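Put together the whole structure using the sequences plus the hints.
2 protein chains.
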Amino acid sequence: MRNLLFTISFCGTAYHGWQVQNNAVTVQQTVQDAIEKIIRKRENIVGCSRTDAGVHANMYCFNMKTESLIPCEKLVTAINAMLPDDISVLDCVEKEESFHARYDCKRKEYKYLILNSKINNPFLTDRALLYPYPLDESFLDEQAKQFIGRYDYSAFCNSGSSVEDTVRNVFSADVGREGDTVTFTVSADGFLYNMVRIMVGTLLDISSGKIPENTIKDIILSKNRDMAGCTAPACGLYLNKVEY
Amino acid sequence: MRNLLFTISFCGTAYHGWQVQNNAVTVQQTVQDAIEKIIRKRENIVGCSRTDAGVHANMYCFNMKTESLIPCEKLVTAINAMLPDDISVLDCVEKEESFHARYDCKRKEYKYLILNSKINNPFLTDRALLYPYPLDESFLDEQAKQFIGRYDYSAFCNSGSSVEDTVRNVFSADVGREGDTVTFTVSADGFLYNMVRIMVGTLLDISSGKIPENTIKDIILSKNRDMAGCTAPACGLYLNKVEY
Numbered sequence: 001m002r003n004l005l006f007t008i009s010f011c012g013t014a015y016h017g018w019q020v021q022n023n024a025v026t027v028q029q030t031v032q033d034a035i036e037k038i039i040r041k042r043e044n045i046v047g048c049s050r051t052d053a054g055v056h057a058n059m060y061c062f063n064m065k066t067e068s069l070i071p072c073e074k075l076v077t078a079i080n081a082m083l084p085d086d087i088s089v090l091d092c093v094e095k096e097e098s099f100h101a102r103y104d105c106k107r108k109e110y111k112y113l114i115l116n117s118k119i120n121n122p123f124l125t126d127r128a129l130l131y132p133y134p135l136d137e138s139f140l141d142e143q144a145k146q147f148i149g150r151y152d153y154s155a156f157c158n159s160g161s162s163v164e165d166t167v168r169n170v171f172s173a174d175v176g177r178e179g180d181t182v183t184f185t186v187s188a189d190g191f192l193y194n195m196v197r198i199m200v201g202t203l204l205d206i207s208s209g210k211i212p213e214n215t216i217k218d219i220i221l222s223k224n225r226d227m228a229g230c231t232a233p234a235c236g237l238y239l240n241k242v243e244y
Numbered sequence: 001m002r003n004l005l006f007t008i009s010f011c012g013t014a015y016h017g018w019q020v021q022n023n024a025v026t027v028q029q030t031v032q033d034a035i036e037k038i039i040r041k042r043e044n045i046v047g048c049s050r051t052d053a054g055v056h057a058n059m060y061c062f063n064m065k066t067e068s069l070i071p072c073e074k075l076v077t078a079i080n081a082m083l084p085d086d087i088s089v090l091d092c093v094e095k096e097e098s099f100h101a102r103y104d105c106k107r108k109e110y111k112y113l114i115l116n117s118k119i120n121n122p123f124l125t126d127r128a129l130l131y132p133y134p135l136d137e138s139f140l141d142e143q144a145k146q147f148i149g150r151y152d153y154s155a156f157c158n159s160g161s162s163v164e165d166t167v168r169n170v171f172s173a174d175v176g177r178e179g180d181t182v183t184f185t186v187s188a189d190g191f192l193y194n195m196v197r198i199m200v201g202t203l204l205d206i207s208s209g210k211i212p213e214n215t216i217k218d219i220i221l222s223k224n225r226d227m228a229g230c231t232a233p234a235c236g237l238y239l240n241k242v243e244y
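Residue numbers (our numbering), protein chains in the order written: chain A, 1 to 244; chain B, 1 to 244.
To be clear, the hints were calculated from the coordinates, so they are not data collected in a lab. Wrong hints could be hidden among the right ones.
[Claimed, not checked] Calculated pairs, EDC-like style, for lysine to aspartate or glutamate (alpha carbon to alpha carbon, straight line, at most 16 Å):
{"id": "1", "chain 1": "A", "residue 1": "Lys223", "chain 2": "A", "residue 2": "Glu178"}
{"id": "2", "chain 1": "A", "residue 1": "Lys111", "chain 2": "A", "residue 2": "Glu178"}
{"id": "3", "chain 1": "B", "residue 1": "Lys118", "chain 2": "A", "residue 2": "Glu73"}
{"id": "4", "chain 1": "B", "residue 1": "Lys118", "chain 2": "A", "residue 2": "Asp91"}
{"id": "5", "chain 1": "A", "residue 1": "Lys118", "chain 2": "B", "residue 2": "Asp141"}
{"id": "6", "chain 1": "B", "residue 1": "Lys118", "chain 2": "A", "residue 2": "Asp180"}
{"id": "7", "chain 1": "A", "residue 1": "Lys118", "chain 2": "A", "residue 2": "Asp180"}
{"id": "8", "chain 1": "A", "residue 1": "Lys217", "chain 2": "A", "residue 2": "Asp152"}
{"id": "9", "chain 1": "A", "residue 1": "Lys118", "chain 2": "B", "residue 2": "Glu73"}
{"id": "10", "chain 1": "A", "residue 1": "Lys65", "chain 2": "A", "residue 2": "Glu43"}
{"id": "11", "chain 1": "B", "residue 1": "Lys145", "chain 2": "B", "residue 2": "Asp174"}
{"id": "12", "chain 1": "A", "residue 1": "Lys118", "chain 2": "B", "residue 2": "Asp91"}
[Stated by the list, open to error] Quick list of simulated restraints, FRET-style, between CB atoms:
{"id": "13", "chain 1": "B", "residue 1": "Ala78", "chain 2": "A", "residue 2": "Gly209", "range": "47 to 55 Å"}
{"id": "14", "chain 1": "B", "residue 1": "Thr77", "chain 2": "A", "residue 2": "Thr215", "range": "31 to 39 Å"}
{"id": "15", "chain 1": "B", "residue 1": "Asp85", "chain 2": "A", "residue 2": "Glu73", "range": "35 to 43 Å"}
{"id": "16", "chain 1": "B", "residue 1": "Lys37", "chain 2": "A", "residue 2": "Ser208", "range": "52 to 60 Å"}
{"id": "17", "chain 1": "B", "residue 1": "Gly160", "chain 2": "A", "residue 2": "Met82", "range": "34 to 42 Å"}
{"id": "18", "chain 1": "A", "residue 1": "Asn158", "chain 2": "B", "residue 2": "Glu96", "range": "34 to 42 Å"}
{"id": "19", "chain 1": "A", "residue 1": "Lys241", "chain 2": "B", "residue 2": "Met82", "range": "38 to 46 Å"}
{"id": "20", "chain 1": "B", "residue 1": "Met82", "chain 2": "A", "residue 2": "Ile70", "range": "49 to 57 Å"}
{"id": "21", "chain 1": "B", "residue 1": "Pro132", "chain 2": "A", "residue 2": "Asp205", "range": "55 to 63 Å"}
{"id": "22", "chain 1": "B", "residue 1": "Tyr103", "chain 2": "A", "residue 2": "Asp205", "range": "48 to 56 Å"}
{"id": "23", "chain 1": "A", "residue 1": "Gly209", "chain 2": "B", "residue 2": "Glu67", "range": "39 to 47 Å"}
{"id": "24", "chain 1": "A", "residue 1": "Asp205", "chain 2": "B", "residue 2": "Met82", "range": "27 to 35 Å"}
{"id": "25", "chain 1": "B", "residue 1": "Val167", "chain 2": "A", "residue 2": "Lys37", "range": "47 to 55 Å"}
{"id": "26", "chain 1": "A", "residue 1": "Arg107", "chain 2": "B", "residue 2": "Val167", "range": "54 to 62 Å"}
Predicted, not measured: the structure shown is a model, and the values here were computed from it. All residues carry an ideal CB built from backbone N, CA and C; glycine is no exception.
The structure is reproduced here in structure tokens:
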């Protein structure tokens, strides 16, 4: 039995997230359908994380155990030919039998794109949050640095998750600007349900004065979801890197 | 009677080009519909050029004569509220009564995006040409320089145009690369029907060896469409700048 690690990229606008659901098109189901057409067998695939509806991935990983003997490179080409244009397989490598795309992940990086403009950019529709009020990226970068460290991140987790261990190690958190696009980049050993979107919502609430500055550490330590900011929309969020 | 110059941006994927047509959704019609909802009158608008189905615009200009007294800034906000997410009004200014968006245009710049990769980028679907064979951008930049000058560009014009004067002055032509995206940028005092797409097709045919190198000047002077290369797909083309 081979254990294959696939790296894919997808524009999530048309999908109800990664995970297979009844009555909704998901990335996992679409990928499984494409693979089935090639290897003539329905295989279950294991993703590196759930993603919300409308969230994108520059890089996403999953593994699949299979009896198929088709070489990795041929699988990439063949599966891409079966996938719609908003999902691409970038890579496929063979891993040891015990490898698990979720449990073995050491580090993930997310990006959140904010179009800081009064006027929408037609090319960023569904791909960034349109935010028309001033944003000071240096100030927000300073604030974001307070996310770094190993903490119980319950205050940055929406209900709906069954996770018991809510401690996560945030390695880096940065805010930068290129033209009118402001980007929040965060890496950690793992993320709770909606964690990045609540981080972004909190930074925006600090920017607007709704939440006082220099309170992120207090919010984390409170472990109280009500202390943190709103949940920023899914459309600006990109899973950007997955490391094993 | 006021004469207003509007600058817009649009993602052209969903449209059959600029120009109003029967039985097809176009950018002009969509914009006229939005304006009608605001000024309560159907006004004809005059675009700076026709564009093909699927072509995009980072910048596109049109003018409109109107009795409406709504200030320019308010028009921008109000019309944007009526437009779909793939078209945005960026600016509106008042011009002299004789101003004409097409005839008064001094210079236009187009960009053509090529994703030079074997694997599609889901975020560039319908926004770039996927080209899987090697491209040497320095070599193509040298070749592209031969487009510069004032010539009869009939060899780079598909049939279907009623234009009689086929002389155009090409000011600049450059090929560059950023990662796996190769961009052809060209500016001129005007362009013939499909001219940029045939320029790109010719460069790609030179790259693949189908057309010999250093023959662009000969092709121009031949005034023979059959000498030039294929017409590259519309999806990679962006009107990028319009100058008056």
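Cross-check of the supplied hints:
{"no.": "1", "hint": "A:Lys223 - A:Glu178", "result": "33 Å, violated"}
{"no.": "2", "hint": "A:Lys111 - A:Glu178", "result": "14 Å, holds"}
{"no.": "3", "hint": "B:Lys118 - A:Glu73", "result": "12 Å, holds"}
{"no.": "4", "hint": "B:Lys118 - A:Asp91", "result": "12 Å, holds"}
{"no.": "5", "hint": "A:Lys118 - B:Asp141", "result": "37 Å, violated"}
{"no.": "6", "hint": "B:Lys118 - A:Asp180", "result": "31 Å, violated"}
{"no.": "7", "hint": "A:Lys118 - A:Asp180", "result": "10 Å, holds"}
{"no.": "8", "hint": "A:Lys217 - A:Asp152", "result": "11 Å, holds"}
{"no.": "9", "hint": "A:Lys118 - B:Glu73", "result": "12 Å, holds"}
{"no.": "10", "hint": "A:Lys65 - A:Glu43", "result": "7 Å, holds"}
{"no.": "11", "hint": "B:Lys145 - B:Asp174", "result": "7 Å, holds"}
{"no.": "12", "hint": "A:Lys118 - B:Asp91", "result": "12 Å, holds"}
{"no.": "13", "hint": "B:Ala78 - A:Gly209: 47 to 55 Å", "result": "29 Å, violated"}
{"no.": "14", "hint": "B:Thr77 - A:Thr215: 31 to 39 Å", "result": "34 Å, holds"}
{"no.": "15", "hint": "B:Asp85 - A:Glu73: 35 to 43 Å", "result": "38 Å, holds"}
{"no.": "16", "hint": "B:Lys37 - A:Ser208: 52 to 60 Å", "result": "31 Å, violated"}
{"no.": "17", "hint": "B:Gly160 - A:Met82: 34 to 42 Å", "result": "36 Å, holds"}
{"no.": "18", "hint": "A:Asn158 - B:Glu96: 34 to 42 Å", "result": "56 Å, violated"}
{"no.": "19", "hint": "A:Lys241 - B:Met82: 38 to 46 Å", "result": "40 Å, holds"}
{"no.": "20", "hint": "B:Met82 - A:Ile70: 49 to 57 Å", "result": "52 Å, holds"}
{"no.": "21", "hint": "B:Pro132 - A:Asp205: 55 to 63 Å", "result": "46 Å, violated"}
{"no.": "22", "hint": "B:Tyr103 - A:Asp205: 48 to 56 Å", "result": "51 Å, holds"}
{"no.": "23", "hint": "A:Gly209 - B:Glu67: 39 to 47 Å", "result": "43 Å, holds"}
{"no.": "24", "hint": "A:Asp205 - B:Met82: 27 to 35 Å", "result": "30 Å, holds"}
{"no.": "25", "hint": "B:Val167 - A:Lys37: 47 to 55 Å", "result": "53 Å, holds"}
{"no.": "26", "hint": "A:Arg107 - B:Val167: 54 to 62 Å", "result": "59 Å, holds"}
Taken one by one, the earlier hints fail for this structure at numbers 1, 5, 6, 13, 16, 18, 21, listed in ascending order.
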